[in-house]
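Participant: Since the structure of chain A is provided, determine the placement of chain B on it from the hints.
Chains as they are written, first to last, in our numbering: chain A, 45 to 288; chain B, 247 to 300.
Some clues are possibly wrong.
[As the list claims (entries may be wrong)] Sample of chain A residues with no beta-carbon within 12 angstroms of chain B, all distances over it, derived: (1) Gly53; (2) Trp68; (3) Ile72; (4) Tyr98; (5) Met252.
[Unchecked claim] Not close to chain B: a few residues of chain A, all C-beta gaps over 10 angstroms, as computed: (6) Leu76; (7) Gly83; (8) Gln93; (9) Arg99; (10) Gly120; (11) Arg129; (12) Ser175; (13) His190; (14) Arg201; (15) Leu206; (16) Gly210; (17) Met211; (18) Trp243; (19) Leu246; (20) Leu254; (21) Ala263.
[What the hints assert, rightly or not] Calculated pairs, DSS-like style, for lysine-lysine (alpha carbon to alpha carbon, straight line, at most 30 angstroms): (22) Lys131(A) to Lys288(A); (23) Lys196(A) to Lys131(A); (24) Lys131(A) to Lys292(B); (25) Lys196(A) to Lys292(B); (26) Lys292(B) to Lys288(A).
Keep in mind the hints are simulated off the structure, nothing from the lab.
Every value quoted in this text rests on a predicted model; they were computed, and no experiment measured them.
All C-beta atoms in this analysis are idealised placements derived from N, C-alpha and C, irrespective of residue type, glycine included.
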Amino acid sequence: MFLWFHKLGSPPHFYRIAGNWLPWLGTIFLLLLVAGLYGGPILAPPDYQQGESYRIIFIHVPSAWMSLFIYIVMAGCGVVILVWRMKIAEIVLISSAPIGASFTFLALATGSLWGKPMWGIWWVWDARLTSELILLFLYLGVIGLHGAIEDKRVATRAVAILAIVGMVNIPIIHYSVEWWNSLHQGPTVTKFDKPSIHWSMLIPLLLMALAFQVYYLLALFQSCRTELLQRERNSRWVEELIAK
Amino acid sequence: MSVSEFFNMGGYAIYVWPSYVLAAIVLWLNWYLPRRAHRQLLGQLKRRNQGKSE
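The shape of chain A in the complex, shown without the other chains:
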């Protein structure tokens, strides 16, 4: 296990393993997506209060979960970079940022599209929405900072520190609907007692969440391979790969 992990840290192995995984991840993603889309928008009954409009949940909530999850991965990579200077962690961090930003954008945009018919307003400056918007800026900050600093070693340390510091925002987002009065509804799934959502809605929601999770790996591996090739363009293993 440790040996396998150690191997994964070496660029040629990571490049190869990630490449081998891509078709599998793609297949699993599509299967989960089809199941989730059948169960959610088609099979699940309408909500007793919100009618059909609640079906935005199957995009909105998984996107919001992913926006938090990917940020936590990035902050974890930040710690690994500062402590062990592991090359793969640098690549995972910087490749995750655009994907995380995309999911954050999706969570905000679909939230707006849901807010308009339910609250009568596209946007309010309340705790949940504002902290999620700050998360988007953190992602964009990581991308911008990495691009702005010429010396890549300095840039890597800078984004690692930014990613770690930004972690304070994550619990704020999660608990914002409990700590402050908000237009945003409270949690329906991650409550400690029983989730207040019916299984006919919960199952497709979890399927979509799983699909997005697999999608993250798919997109991540894809862009990690590009980033790796770019960085190691003059190394021996890349030359051998090209020569094939």
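Facilitator: Just chain B now, kept in the frame of chain A:
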């Protein structure tokens, strides 16, 4: 439920469908752009390699 009822989404069609379409576009871009960059980079490196060996 009929097909037109499904697309109507109980009158919320203009909110529900853009959410799904937006998600499809964003997910597709995040998959396609790195893939294209990877292809281009590989081609570029291959050309560089050929130039070297000649």
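Participant: For every hint, state whether the structure bears it out.
Facilitator: Evaluated hints:
no.: 1; hint: Gly53; in the structure: 21 angstroms, holds
no.: 2; hint: Trp68; in the structure: 15 angstroms, holds
no.: 3; hint: Ile72; in the structure: 14 angstroms, holds
no.: 4; hint: Tyr98; in the structure: 9 angstroms, violated
no.: 5; hint: Met252; in the structure: 10 angstroms, violated
no.: 6; hint: Leu76; in the structure: 13 angstroms, holds
no.: 7; hint: Gly83; in the structure: 14 angstroms, holds
no.: 8; hint: Gln93; in the structure: 12 angstroms, holds
no.: 9; hint: Arg99; in the structure: 5 angstroms, violated
no.: 10; hint: Gly120; in the structure: 21 angstroms, holds
no.: 11; hint: Arg129; in the structure: 25 angstroms, holds
no.: 12; hint: Ser175; in the structure: 21 angstroms, holds
no.: 13; hint: His190; in the structure: 16 angstroms, holds
no.: 14; hint: Arg201; in the structure: 24 angstroms, holds
no.: 15; hint: Leu206; in the structure: 21 angstroms, holds
no.: 16; hint: Gly210; in the structure: 21 angstroms, holds
no.: 17; hint: Met211; in the structure: 23 angstroms, holds
no.: 18; hint: Trp243; in the structure: 20 angstroms, holds
no.: 19; hint: Leu246; in the structure: 19 angstroms, holds
no.: 20; hint: Leu254; in the structure: 14 angstroms, holds
no.: 21; hint: Ala263; in the structure: 5 angstroms, violated
no.: 22; hint: Lys131(A) to Lys288(A); in the structure: 25 angstroms, holds
no.: 23; hint: Lys196(A) to Lys131(A); in the structure: 12 angstroms, holds
no.: 24; hint: Lys131(A) to Lys292(B); in the structure: 24 angstroms, holds
no.: 25; hint: Lys196(A) to Lys292(B); in the structure: 25 angstroms, holds
no.: 26; hint: Lys292(B) to Lys288(A); in the structure: 10 angstroms, holds
Going down the numbered hints, you'll see the structure goes against 4, 5, 9 and 21, while the others check out.
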